[in-house]
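Trainee: Residue-level listing of the chains:
There are 2 protein chains.
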Amino acid sequence: MKGVFDVPAELEPLQAWVFAGLEATTDQIDAALASDIPAVATLCKHVERFRGKMLRPTLVLLAGSAAGAPHDVPASSDLVKIAAVVELVHMATLVHDDVLDEADARRGGQTINHQRGNETAVILGDYLIAAAYHLCSTLPSQEPSRIIGRVSMELCAGELLQLENRDNLSLDEATYFEILEGKTAALVGACCLLGGMVAGATPEQVAGLDRYGRRVGSAFQVQDDVLDLTGDEAVVGKTLGRDLKKGKITLPLIHHLGALDAPSRGQALGALEAVSESGGDDDSHSGAIVTALAETDSIASATTTAQRLVDEAKNALAPLGASPARQTLGLLADAVLTRDR
Amino acid sequence: MKGVFDVPAELEPLQAWVFAGLEATTDQIDAALASDIPAVATLCKHVERFRGKMLRPTLVLLAGSAAGAPHDVPASSDLVKIAAVVELVHMATLVHDDVLDEADARRGGQTINHQRGNETAVILGDYLIAAAYHLCSTLPSQEPSRIIGRVSMELCAGELLQLENRDNLSLDEATYFEILEGKTAALVGACCLLGGMVAGATPEQVAGLDRYGRRVGSAFQVQDDVLDLTGDEAVVGKTLGRDLKKGKITLPLIHHLGALDAPSRGQALGALEAVSESGGDDDSHSGAIVTALAETDSIASATTTAQRLVDEAKNALAPLGASPARQTLGLLADAVLTRDR
Numbered sequence: 001m002k003g004v005f006d007v008p009a010e011l012e013p014l015q016a017w018v019f020a021g022l023e024a025t026t027d028q029i030d031a032a033l034a035s036d037i038p039a040v041a042t043l044c045k046h047v048e049r050f051r052g053k054m055l056r057p058t059l060v061l062l063a064g065s066a067a068g069a070p071h072d073v074p075a076s077s078d079l080v081k082i083a084a085v086v087e088l089v090h091m092a093t094l095v096h097d098d099v100l101d102e103a104d105a106r107r108g109g110q111t112i113n114h115q116r117g118n119e120t121a122v123i124l125g126d127y128l129i130a131a132a133y134h135l136c137s138t139l140p141s142q143e144p145s146r147i148i149g150r151v152s153m154e155l156c157a158g159e160l161l162q163l164e165n166r167d168n169l170s171l172d173e174a175t176y177f178e179i180l181e182g183k184t185a186a187l188v189g190a191c192c193l194l195g196g197m198v199a200g201a202t203p204e205q206v207a208g209l210d211r212y213g214r215r216v217g218s219a220f221q222v223q224d225d226v227l228d229l230t231g232d233e234a235v236v237g238k239t240l241g242r243d244l245k246k247g248k249i250t251l252p253l254i255h256h257l258g259a260l261d262a263p264s265r266g267q268a269l270g271a272l273e274a275v276s277e278s279g280g281d282d283d284s285h286s287g288a289i290v291t292a293l294a295e296t297d298s299i300a301s302a303t304t305t306a307q308r309l310v311d312e313a314k315n316a317l318a319p320l321g322a323s324p325a326r327q328t329l330g331l332l333a334d335a336v337l338t339r340d341r
Numbered sequence: 001m002k003g004v005f006d007v008p009a010e011l012e013p014l015q016a017w018v019f020a021g022l023e024a025t026t027d028q029i030d031a032a033l034a035s036d037i038p039a040v041a042t043l044c045k046h047v048e049r050f051r052g053k054m055l056r057p058t059l060v061l062l063a064g065s066a067a068g069a070p071h072d073v074p075a076s077s078d079l080v081k082i083a084a085v086v087e088l089v090h091m092a093t094l095v096h097d098d099v100l101d102e103a104d105a106r107r108g109g110q111t112i113n114h115q116r117g118n119e120t121a122v123i124l125g126d127y128l129i130a131a132a133y134h135l136c137s138t139l140p141s142q143e144p145s146r147i148i149g150r151v152s153m154e155l156c157a158g159e160l161l162q163l164e165n166r167d168n169l170s171l172d173e174a175t176y177f178e179i180l181e182g183k184t185a186a187l188v189g190a191c192c193l194l195g196g197m198v199a200g201a202t203p204e205q206v207a208g209l210d211r212y213g214r215r216v217g218s219a220f221q222v223q224d225d226v227l228d229l230t231g232d233e234a235v236v237g238k239t240l241g242r243d244l245k246k247g248k249i250t251l252p253l254i255h256h257l258g259a260l261d262a263p264s265r266g267q268a269l270g271a272l273e274a275v276s277e278s279g280g281d282d283d284s285h286s287g288a289i290v291t292a293l294a295e296t297d298s299i300a301s302a303t304t305t306a307q308r309l310v311d312e313a314k315n316a317l318a319p320l321g322a323s324p325a326r327q328t329l330g331l332l333a334d335a336v337l338t339r340d341r
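Sequence order for the protein chains is V and U. The first sequence: position 240 = 240 (the working numbering), numbered continuously. The second sequence: position 202 = 202 (the working numbering), numbered continuously.
Bound conformation, chain V alone (with noise of 0.2 Å):
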């Protein structure tokens, strides 16, 4: 899709599909923030600017598509509603993150923090989500809220289980994927599921998207931290000590830490301390950092493991039939590992 990977002759007409389903979106967001109170309007008026490329409505309008919405007419309002959903839960969860990280700037535009303090923030992250809440409670069956319910629950399970372990430089894989599973992917899961369930797919379909998009959501997450650690040195040096700073442990660093003996472990925990503490600036030790991940090899085998989510993700879709939203996603899980950013 626009942005994400060139679009081949025959995926056109579902792409346009696709654009007019996102547009449907964007008036149904606006129409849930609607308000009488100047001051909400404004300021839901100020977050707008927030929605980026739209890539979980994209999930939703897609997934329906592969469930069988047809695609010669308009996507339908409940698919849309729940379009709408999944990106004003987005949408909250990042205006409380940029409280948590304390951010100035997303997107070219102020945050809301960093313009109208922490309080405000607060406070217009509860509305975004309790408009999510209320625009899935007007859809047909209730099942919609449950999901969306059971999912935000463990969103912050995921924060909550994070935020314990910043700092702890020692956190093993599986609570790393944990972590992963909750922040990113289960939302990004229901996206996918939730569109299918919608456009009437059978229970094993829907079973099947729900599995795609949560390993296409921590395929994404490892690549990332692949790309954080790749590229021109000191640049990676510095993004390496602005993580440990944060107390971001990437997939890679828990993979190194893995593959040393006791002593060289103890050596290089010394050194990420360093670095954590230093937040990036003594180059010194985040050179050297970079340097051993390359000797165990840990980039590469984050790769791996980047590509074997990939290959499950794509192998979830097979209870569905071939179709062009069918092989659209595949392309946007193919994307997660060739983008550059």
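Just so you know, not all the hints are guaranteed correct.
A pair holds if it fits inside one copy or across any two, identical chains being indistinguishable in the list.
Straight-line Cα separation of at most 20 Å, SDA-like style, residue types lysine to any residue; simulated pairs [said to hold, decoys possible]: (1) Lys45 - Glu164; (2) Lys248 - Asn118; (3) Lys248 - Ala16; (4) Lys246 - Asn118; (5) Lys53 - Asp334; (6) Lys45 - Leu161; (7) Lys245 - Gly117.
Bear in mind the hints are in silico, worked out from the structure with no lab data behind them.
Following the hints, complete the assembly by docking chain U onto the known chain V.
Mentor: Only chain U this time, still in chain V's reference frame:
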């Protein structure tokens, strides 16, 4: 009820039924928050201490009983679920409010933000909201989810309007009540409305119960304003200073400023600004304001407003037949005015 007013003998069977319902509500909340992740379980255990008098679940149960829920058997699971949902929403607002207020202690325990940092408090609040919505979506009808979604939006809009008007010493009465309606009254109204709805109340009874709850919630807040300004003058001066420093304008102050001519009003605003800046440490100014409030009968005026709201609350119960529960709702409304804190 316990800690709010003395219960006449004829209401004791109802009281026992409510207490049993509240115990079931507590179990329901614990079940809704259960998590396999130890970090999440520990935080939820901590937040349990924030449950106070369980006023909102009590209102759900009483409204249910007033609308015909039999009280010779335990409260039905749907009524108990609703009671748990509203308390979870309320607990979430407490956790997020503590982030806003930068509070260190609540109900004798350390606040989450003080103990674990703002990040954890924001996400834990989100977890509580998600648990509330999820539990609500397991009810047989989707109507409660719609109402909880709408009321949560009202709640946030009220908070945002209040934040927008922080430090606005010239806040007008209409905006004061708009904030109050969203921040406090809407959720209290929903407690009564939903309790009645689940117990099979008629639309007229449901509307009456909503109105009762909203008026009681508003009366409670207005009476809080009055109690802030009555009693020992030195203490009142301190409270006034603290409120003003937080940018909190109370109803008696609004009345006072409205009762003055233009030059006196300018003088009074100057004095308020001085108290606001000193945060109550400058007793001379705050003492003068308390004296001036008496001259314009501003505290008496707010008391009259609270009394009117309580009368409206009791009148709103007219569509319900006489019952111990209706009698208790009336006593609860009266207790808003007679409580000393």
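Trainee: Each hint needs a verdict: does it hold in this structure or not?
Mentor: Against the structure, the hints come out as follows:
1. When the C-alpha separation of Lys45 and Glu164 is checked against a cutoff of 20 Å, the pair qualifies only between copies, where the shortest distance is 15 Å, while the shortest distance within a copy is 34 Å.
2. In the homo-oligomer, the alpha carbons of Lys248 and Asn118 lie at most 20 Å apart only across protomers (18 Å), although the nearest pairing inside one protomer, at 22 Å, exceeds that limit.
3. When the C-alpha separation of Lys248 and Ala16 is checked against a cutoff of 20 Å, the pair qualifies neither within a copy, at 39 Å, nor between copies, at 52 Å.
4. For the identical chains of this complex, Lys246 and Asn118 are neighbours both inside a copy (19 Å) and across copies (15 Å), given an alpha-carbon limit of 20 Å.
5. Proximity of Lys53 to Asp334 under the C-alpha cut-off of 20 Å is restricted to the intra-copy arrangement: shortest distance 17 Å within a copy versus 55 Å between copies.
6. Taking CA atoms no more than 20 Å apart as the test, Lys45 paired with Leu161 passes between copies only; the shortest distance there is 15 Å, against 32 Å inside one copy.
7. In this assembly of identical chains, Lys245 and Gly117 lie within 20 Å of each other by CA distance solely across copies; the values are 17 Å between and 23 Å within a copy.
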